[in-house]
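A.B. asks: Protein sequences appear in the order of chains A and B. If you count by this note's numbering, then the first sequence holds residues 14 to 143, one letter each, in order. If you count by this note's numbering, then the second sequence holds residues 2 to 362, one letter each, in order.
Calculated directly from the structure, the hints in this document are not laboratory data. Be aware that one or more of the hints could be misleading.
Here are the simulated DSBU-like cross-link-like pairs (lysine-lysine), alpha carbons at most 30 Å apart as the crow flies [unchecked claim]:
1. A:Lys35 <-> B:Lys31
2. A:Lys35 <-> B:Lys53
3. A:Lys63 <-> B:Lys191
4. B:Lys139 <-> A:Lys35
5. B:Lys280 <-> A:Lys35
6. B:Lys252 <-> A:Lys35
Over 12 Å on every C-beta distance to chain B, these chain A residues come out as not near it, computed from the model [unchecked claim]:
7. Met58
8. Asn59
9. Thr74
10. Tyr75
11. Ala77
12. Thr78
13. Leu79
14. Leu81
15. Leu108
16. Thr111
17. Pro131
Covered by chain A, per the in silico footprint, the following chain B stretches (three or more residues, Cβ under 8 Å) [claimed, not checked]:
18. 174 to 184
19. 187 to 201
Nothing here was measured: the structure is a model prediction, and the numbers come from that model. Where a beta carbon is used, it is the ideal one built from N, C-alpha and C, also for glycine.
Take a look at the letters that make up each chain.
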Amino acid sequence: MADNTSKDPSATWRELISTWEKNVNSIANQTMASEEFSGASNQMMNATLKVQQAMGSAMATYLATLNLPSRADIIALGERLQAMETYLSRIALALEETRPVASGKRPATKIARRNRPPRTKRPPTLADQS
Amino acid sequence: MSATVTDPKAESVADRIAAEVERAIQRNVKGLGYISAPAPSVGTTPKDIIYKRGTLNLYHYLPIADEVYRVPILIVMATSNRGYILDLAPGQSFIEFLLRSGYDVYLVDWTPPSAEEKSLRFEDYTLDFIPECVKRVKKDSGIKDLTLIGYCMGGVLSVLYVALHPKTQPKNLVCFTTPINFQSMELFAKWSDRRYFDVDRLVDTMGNVPSELIFTGFEMLRPASRIAGQLQLWEQMWNEEHVKSYRMFEKWSTDTLPIAGEYFRQTVKELIWENNLFKGDLKIGGRSANLANITAPMLSVVAEHDHIVPYAAAHPLIEQVSSTEKEEVVLKGGHISLVAGANAQKRLWPRLDAWLGARSV
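Can you make the complete structure from the sequences, with help from the hints?
C.D. replies: Printed below as a string of structure tokens:
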């Protein structure tokens, strides 16, 4: 007969949870692997997308009537701002690279190639042989 | 006067009750701390960004070792998740492990694609982004060779890049949990059944595929695991290490990225529906992306209990490449615990170092 008193209650709890998790996952996977599930879930998604599409175009017309920017307009503005930021950061990077290292004005994290460790490392076994 | 006799079983029960009471107190005290604590900081290993273009970020990690191997490493992260899974925290970071072991490490990491980037396709990733990063790593390191490491879809992009550029093979190619036979990812294949799943409507309506949809897709593979994890967390609330680790993994797993619309459409149509990568029929930008074009020394690492990319999905990689020097390693663990956490520290990391060190001189 097993000695139940020697069992750690936490271990029993963990075992229980683990068994429950495996069982639920297994049953859910079987259900979700069915054609019915795939059909139903995709039907639901398609319906949601149709509503979203219809709402989107109706809202765009409404906003245009009110002479207000739509989400697409705001995104387009954001894109242009981002493009300008990227362009500016490229210019800043290029300027930084042309600045002499000796001036000590480069950011501390940017390490010049000459300050990098030498590429001489050998794996332990090869190093032992040489 | 009678001698005191201690019943060992009774003492053990008393000790256990005391320990449980102590744990219960700790659970309550630390539970309050857990609720009020700020999000854990991750990805803290010092790095420079050496190239950025939209969704693409190329980082160079600052070397830690006094000397490094000649050949630098370029890691390509999966497009659906953040790269900090490879750099969780000091002492638990794959990147930090590589740096300490003497590797020079670069990382391609992704940020959410902008609305404009919905038009990104495999062509952009494999004929533009990765080649550009390879060029920049070579320029930055001053070395013509490099080791390419890809994780999950980052592995797919890496093998596609090499297959599309057969004349400029990397010195080494390493893939972690990289799917090739997409029909073997059974649930994903069933959910995206072409008779029911209207990928065109999804992409045309949404532009980029929202991160919530990607997250839900991953969650549905194991619907009970999140609740089970939370129940285990409550039991382990007294254990600071467990709580810290749980919070980092939790943060990462919920921090999924949206996916560029056209890239998602191609993934569904070309990789899942037609299974063209597996069949050797995949064409990108009019060029053949046949895995047989790969001749670089290769290591493919597969996780034994991977619920996202099962063995049958990843195994064809090692069979189909033409590399004369190739090895497949199946390690205990799941899709994520293969690369991060205690399991990875004792299995994958030293195994990779043993394989790669000798090939990095």
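A.B. asks: Taking the hints in turn, state whether each one holds.
C.D. replies: Structure-based check of each hint:
no.	hint	result
1	A:Lys35 <-> B:Lys31	holds (28 Å)
2	A:Lys35 <-> B:Lys53	violated (43 Å)
3	A:Lys63 <-> B:Lys191	holds (22 Å)
4	B:Lys139 <-> A:Lys35	violated (47 Å)
5	B:Lys280 <-> A:Lys35	violated (34 Å)
6	B:Lys252 <-> A:Lys35	holds (23 Å)
7	Met58	violated (7 Å)
8	Asn59	violated (6 Å)
9	Thr74	holds (17 Å)
10	Tyr75	holds (18 Å)
11	Ala77	holds (19 Å)
12	Thr78	holds (23 Å)
13	Leu79	holds (22 Å)
14	Leu81	holds (19 Å)
15	Leu108	holds (15 Å)
16	Thr111	holds (16 Å)
17	Pro131	violated (5 Å)
18	174 to 184	violated (count 0)
19	187 to 201	holds (count 9)
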